[in-house]
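Residue numbers (our numbering): 1 to 198.
Quick caveat, the hints were computed from the structure, so don't treat them as lab data. From the three backbone atoms N, C-alpha and C, an ideal C-beta is built for every residue, glycine too. Check each hint, because a few of them may be wrong.
[What the hints assert, rightly or not] Each pair of labels, with its calculated beta carbon distance range: (1) I82 x I42: 21 to 29 angstroms; (2) I147 x V73: 40 to 48 angstroms; (3) L47 x F27: 35 to 43 angstroms; (4) S129 x Y35: 40 to 48 angstroms; (5) I42 x N134: 13 to 21 angstroms; (6) V73 x Y130: 34 to 42 angstroms; (7) S150 x D39: 26 to 34 angstroms; (8) E135 x N30: 16 to 24 angstroms; (9) H107 x K4: 45 to 53 angstroms; (10) D45 x F165: 15 to 23 angstroms; (11) I82 x D45: 35 to 43 angstroms.
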Amino acid sequence: MSNKIFIELYKLYEYSFPEFSVYLYKFFKNFELEYSDVDKLIEDDDLFLSWVISICSSKDADLIKAEIKLNGVTYNALYSNIKNVQNYDLYLPIPQLTKVKRIHLLHGDISTLDKPIIDLNTQNSNVTSYDFSNEDLYIFSSPIKLINKSYIKAIIIESQNHITFITINDIKREEKSKKAMKRKKKRTRKRKKKSKIR
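Start from the sequences, fold in the hints, and give me the full structure.
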């Protein structure tokens, strides 16, 4: 039985453009570690995650991917530590670590989307494209900030595995959710203060 765990570490970098800025991951290190009881890690998700988080913190990484191969089955754990990122509009809904190829901004009528999605290399005056295909960058629930929200109607993320489409309405819903959470936290803090006075 193998007790080896394969580790990949990534750092987070901000890439800024006139219309938006996005945080993407860059691979910087991989290595193997031995764990005396790999079966216990596989059986206990909380233990596996706790162990992965401790490795991520000790190596000063922003994202860690851990992989265990046992009896022909591969077990993965993925953890990102992006607490220092502020003033973003939303996290891109990409739940897997995947290489980003291009990011396309749609600033015209959404009804014209069928053509860009079929062939994103086609020239279209309503689409501004940014090419990352030669930069070996990765995306995983990455924070994004829109500089001109009235200009951008939608975002298309073209990754190695799939294409993700996000409308400006999705971003507005995310903003409302964040504001609601802030109000809830403020009310909770006020209640705690009142209870202390009593």
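We went through each hint and held it up to the structure:
1. For I82 paired with I42, a C-beta distance near 26 angstroms keeps the hint of 21 to 29 angstroms intact.
2. Here the CB-CB span from I147 to V73 is close to 45 angstroms, well matched to the stated 40 to 48 angstroms.
3. Checking the proposed 35 to 43 angstroms range against L47 and F27 shows it is violated: the Cβ atoms sit about 26 angstroms from each other.
4. Judged by the Cβ atoms, the range 40 to 48 angstroms given for S129 and Y35 holds: they are separated by roughly 44 angstroms.
5. One distance hint, 13 to 21 angstroms for the beta-carbon pair I42 and N134, is violated here, with the actual separation near 37 angstroms.
6. For V73 and Y130, the hinted distance range of 34 to 42 angstroms is satisfied, since their beta carbons lie about 38 angstroms from each other.
7. Hint check: S150 to D39, Cβ distance near 55 angstroms, so the stated range 26 to 34 angstroms is violated.
8. Between E135 and N30 the beta carbons are some 19 angstroms apart, a value that agrees with the proposed interval 16 to 24 angstroms.
9. Taken as a hint, the range 45 to 53 angstroms holds for the pair H107 and K4, whose Cβ atoms sit roughly 49 angstroms apart.
10. A beta carbon spacing of about 31 angstroms between D45 and F165 contradicts the range 15 to 23 angstroms that was offered as a hint.
11. At roughly 21 angstroms, the beta-carbon separation of I82 and D45 lies outside the given 35 to 43 angstroms, and the hint is violated.
Violated hints for the displayed structure, listed by number in ascending order: 3, 5, 7, 10, 11.
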